[in-house]
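> The primary structure of each chain is shown beneath.
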Amino acid sequence: MATLASSASPPHRKKKSKARSSMPGFGLSMGLTLLWLSVIVLIPLSAVFIRSAGEGWDAFWASAASERAIAAYRVSFGTAFIAGAVNSVFGLLVAWVLVRYEFPFKRLVNALVDLPFALPTAVAGIALTALYADTGWVGKLLPAGLPIAYHLPGIVIALTFIGLPFVVRTVEPVLAQMGKESEEAAATLGATRLQNFTRVIFPTIAPALATGFSLAFARGIGEYGSVIFIAGNMPFHTEIAPLLIITQLEQYNYAGATAIAVVMLIASFFMLLLLNLLQGWQRRRVAS
Amino acid sequence: MRFRSPLQEGALVRSALILAALAYLLLILLLPLVAVFAEAFRAGLPGWIEAVAEPDARAAIKLTLLVAAIAVPLNVVFGIAASWAITKHDFRGKELLITLIDLPFSVSPVVSGLIYVLLFGAHGWFGAWLQEHDIEIIFALPGILLATVFVTFPFVARELIPLMTAQGRTDEEAALSLGASGWQTFWNVTLPNIRWGLLYGVLLCNARAMGEFGAVSVVSGHIRGETNTMPLHVEVLYNEYNFVAAFAVASLLAMLALITLILKTFLEWRHRDAIAAMGH
Chain W
3 MATLASSASP PHRKKKSKAR SSMPGFGLSM GLTLLWLSVI VLIPLSAVFI RSAGEGWDAF
63 WASAASERAI AAYRVSFGTA FIAGAVNSVF GLLVAWVLVR YEFPFKRLVN ALVDLPFALP
123 TAVAGIALTA LYADTGWVGK LLPAGLPIAY HLPGIVIALT FIGLPFVVRT VEPVLAQMGK
183 ESEEAAATLG ATRLQNFTRV IFPTIAPALA TGFSLAFARG IGEYGSVIFI AGNMPFHTEI
243 APLLIITQLE QYNYAGATAI AVVMLIASFF MLLLLNLLQG WQRRRVAS
Chain X
1087 MRFRSPLQEG ALVRSALILA ALAYLLLILL LPLVAVFAEA FRAGLPGWIE AVAEPDARAA
1147 IKLTLLVAAI AVPLNVVFGI AASWAITKHD FRGKELLITL IDLPFSVSPV VSGLIYVLLF
1207 GAHGWFGAWL QEHDIEIIFA LPGILLATVF VTFPFVAREL IPLMTAQGRT DEEAALSLGA
1267 SGWQTFWNVT LPNIRWGLLY GVLLCNARAM GEFGAVSVVS GHIRGETNTM PLHVEVLYNE
1327 YNFVAAFAVA SLLAMLALIT LILKTFLEWR HRDAIAAMGH
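So the sequence lines, in the order shown, correspond to chains W and X. Under my numbering, the first residue of the first sequence carries the number 3, and numbering increases by one thereafter. Under my numbering, the first residue of the second sequence carries the number 1087, and numbering increases by one thereafter.
If you are wondering where the hints come from, they were derived from the structure by calculation, not from laboratory data. Since the model is a prediction, treat every value here as computed from it, not as a measurement. Any given hint could be a false lead.
With a straight-line Cα cutoff of 20 Å, these simulated SDA-like cross-link-like pairs (lysine to any residue) come out [stated by the list, open to error]:
#1 W/K108 <-> W/P175
#2 X/K1180 <-> W/N278
#3 X/K1180 <-> W/G27
Isolated chain X (complex conformation) (with noise of 0.2 Å):
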C-alpha cells in the first residue's frame, strides 16, 4: 500500500501543475528570449557582425557604456548614504525618507524623462538661460544621465537598508570604541561587511542603467551616432525595417541581461544568508 501525506498533493496533481508552471514560463519568457537571437543571426554571423560593428552601433554601444559609468557610481555613493544615515541614526520622518527614495520606482519612464525636459527643455523653466550660455542638456548627454540616475536612483539604497538594519550597529560601536575614526569604521567594518548587497544593488543599477528606454527616449533626441544610447538605437532600427540589425544590437542587450543573471544566482547561491537578510 502506498501512502501519501496529507500536505502533499497527489504525483499526478503535482505534475500538472509543474508542467503547467514550466510552459507558461517557456512561453512567456523563454520564447522571446530565444526569438531575439534566432532573428539575430537570421542573416548569419557575418550580418550579426556587420550590424554591431557599423559606426551607428558603435557609437550606441560606447555611449551606453559611458552613461552607466557614470551614472551607477554616483547612484553607489547616494546609496551608501542613504543607507548609512537611514540604518545607523535614529530620526523622526524615516519611514516617509525611505518612500521618497523609492518614489522612482512608480513614476513613469516617460514622465522621469518629462520633468527635466519641462526644467531644462527649450521651453523650460531654465531652457532661455541654458541657450544663453550655451549649454546642452536636453538632446544631449547630459540630459540622458539626469534621466537614467533617476530611474536608477532607489536600486543601491534599497538593497542596503534591509540587510544593514539586519546587521545592526554593534559592529562598527565596537570598532569606534577602540578609537576608530568614522571613515576608519566605515572602511574597515562597514564597506566589507555590506559588500556583497552592494555588488547585488549594483549589478541590477547597472543592468537597467543600459538598458533604459523610455525616460532616455524623451531626452535624447535620437540624432543617430550621437545621442542614441543601444536601446533606442534598437528602435531606430527596427522602425526603418532594419531588422536583423535592430535584433543583432538587442542581443548585445539580450546578453547583458543574460550575464546579469547569472551574476545575481551565483551571488545568491554564493551568499544566500546576506541576501536573505534583504528581504527577497
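Excised from the complex, chain W in its bound form (with noise of 0.2 Å):
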C-alpha cells in the first residue's frame, strides 16, 4: 500500500509542475517586462510606421526614394559592406591569435578589444579625425593624393573601428571551443597547416564569421556618431543615410526623415531575420 501510493504520487506531481510552473511572480515580472517594453520600444517603433503610412505611399516613396536618399543608403550601405569584410579579415586574425597562441600583454591586449564598446562613439568620432586629417599623427605621413579624412575611406576606417569587436567576440568563442580531433585526423592524413585551416578549420568558424560580420554590417549601416565627424557629410557623395534623417528633420521635414527612418528599419529587421538563420545555421553546424 504505502510503496505504490509513493510510486503513484511524484508522477503526479511532476505532471502539475509542468503545466504550471510551480514559481511564484509570473504575473509580475511578466506584466513588468510586456509594460516596459511596450512603452520603450513597442509602441514607439510602431509610430514610425503608422505615421509614414498616415503619408500615404506617393509621399512616401518620394522621399524614400529620393536621389538624395539614394546615394545616403549607397554611402551607408556600402561602407558598412567594406568596413566589415575588412573586420572579418582581421577581427578573424586578432580571434585566432588570442586563442591559439601565448604572447605577452595578452590579457590588456584582450581587454583593448572591446574598447569600441565602451568609447562612446563621439569620443572615437573626433579621435579618429584628428589622426585622419591632413595634419594628424596619421594623416601626415599618408601620401597627397589619397585623403582619408571627409571623404568616403573615412568612413570607413570609422566603421572598421566600430565593427572589430563584433567580429572578434563571436569568432573567438568557437575557435575555443572547437575540438583537435579533425585537426589531428586531417594532419596524420598528411594536410599542411594551410590545408587544415582551409579544409578543417575554417567551414567549422564560418558561421560564426558570418555571424560577426552581419553584426558588424548592422551596426555600420545605423552608426552616427564615430562617422558624422571624420565623413565630410556632402549630400550624395559621403552624406550617411541617418545623417539625412536629422538634416530632414532640423528642416522640420517630418514626412522625409520618417519615410527614411523605415528604410533603415526594414534594413535592421531584415538583418536580425538574417542573424537568426545564421544561428540556426551554427548550431546544426556545431552539433554535426
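Quick one: dock chain against chain with the hints and give me the complex.
If you want it as C-alpha cells, here you go:
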C-alpha cells in the first residue's frame, strides 16, 4: 500500500508542475516586462510606420527613394559592407591569435578589443578625425593624393573601429571550443597547416564569421556618432542615411525623415532575420 | 633535430601573425585612444582643468550623471523582471519575446531618437496636448531619458538570461519547498546567484547610457548648459573649433571607458565561470 502510494504520487506532481510552473511571480515579472517593452520600444517604433502610412504611398516613395536618399543608402550600406569585410579578415586574425598563441600582455590586448563597446562614439569620431586629417599623426604620413578624412575611406575607418569587437567576440568562443580531433585526423592524413585551415578549421568557424560580419554590418548601417565627424557630410557623396534623417528633421520635414527611418528599420528587421538564420546554421554546424 | 607539432604553425608564421594582429589593433584601436589624451592635454594640465571645470562642461557632466542614475536602475528592474519571467517560467512565444527585447540593438541610434520626436515633438501625436499642459519632453530631460532608456534597454536582460538559464531553477525550488516566500527566494537565493552577471550588465549599460550620442542628439535640442550631455557638449565644442576643450571633455569619457574595461576584465577574471555561462 505504502509503496503504491509513494510511487503514484511523484509522477502526478511532476505532471502538475509541468502544466503550471511552480515558480512564483510570473504575473508580476511578465506584466512589468510587457509594459516596459510596449511603452519604451514597441509603441514608439510602431509610431514610425503608422506615421509614414498616414502620409500615403506617393509621399513615402518620393522621400524614401529620392536621389539624395538613394545616394545616402549607397554610402551607408557600401561603407558598412567594406568595413565588415575588413573586420572579417582582421577580426579572424585577432581572434586566432588570442585563442591559439601566447604572447606578452595578452590579457591587456584582450581587454583592448572591447574598447569600441566602451568608448562613446562621439569620442571615437573626433579622435579618428584628428588622426586622419592632413595635420594628424596618420594623415601627415599619407601621400597627398590619398585623402581619408572627409572622404569615403574616412567613413570606412570609423566603421572598422566600431565593428571589430563584433567579429572577434563572435569567432573567438567557437575557435576556443573547437576540438582538435578533426585537425589531428587531417594532419595524420598528410594535410599541411594551410590545407588544415582552409578545409577543416575555416568551414567550422564560417557560420560564426558570417554572424560577426552581419553584426558589424548591421551596426555600421545605423552608426552615426563616430562617422559624422570624419565623413565630410557632402550630400550625394559622403552623407550617411542617419545624417540625412537628422537633416530632414532640422528642416521640419518630418515626413521625409520618417520615410528614410522606415527604410532603415526594414533593413534592421531584415538583418535580425538573417542573424537568426545564421544562428540556426551555426547550431547545426556545431551539432554535426 | 627539432620537432614541430603538426598542429602548430612554424615559429616564423606564428610571430608574423601575432605581429600583424598587434599592429592592426595598435593602428585601429590604441592610436585613437592615445590621440584623445594627447589632444586633451595639448594646452597642458591648466588648459585641461579650465575646459573641464567651465560651467557648461560642469552642467553637461551633471546631466550625464543624472541621466545614467535614472536610466540604469530602470533598466536593471526591467532586466531582472524580464529574465525572471523568461528563465523561471515556461510559456509560448519565449523566443519572440527575447528577439523583441534585443530589438533596440539593431535600430539606428538616430531612429531611436526620432521615434520619440514623432510621439512627443511639437508636431508629434501628443505634441499639442503636451504643449497645452505645459509638459516638456522633447528638448528636455524626459526626452533624453527616454532615448537613453531605449538604447540601453537590452543590456541587463541580455547578460542575465543566459546566466539564469544555465543556473536552472533547482535552487529556487529548494527554497520554495522549504517554505520561503517568492520575494524571500528572490532576495536570498536568486540575487546572490546572479550578482556578478548583474554587475557586468550594469557596467555595460552604464557605459552606453553615459556615452550615447546619436539618439540623445535628436531629442536634446543642444541647449548649452541645459540639455547637452557630455558627448553632445564634445560635439558643440568641436564644431566651434575649440579642440582642446572638446578633447578635454572627451578624455573624461575615455577615462570612463577605460574604467569600464578594467572592471569588466576584472569581473571576467574573478568570475570566469559565471561569465562563461553568459555565452561570451
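> State for each hint whether it applies.
Hint by hint, here is what the structure shows:
no. : hint               : in the structure
1   : W/K108 <-> W/P175  : 16 Å, holds
2   : X/K1180 <-> W/N278 : 14 Å, holds
3   : X/K1180 <-> W/G27  : 16 Å, holds
In this structure, every one of the numbered hints holds.
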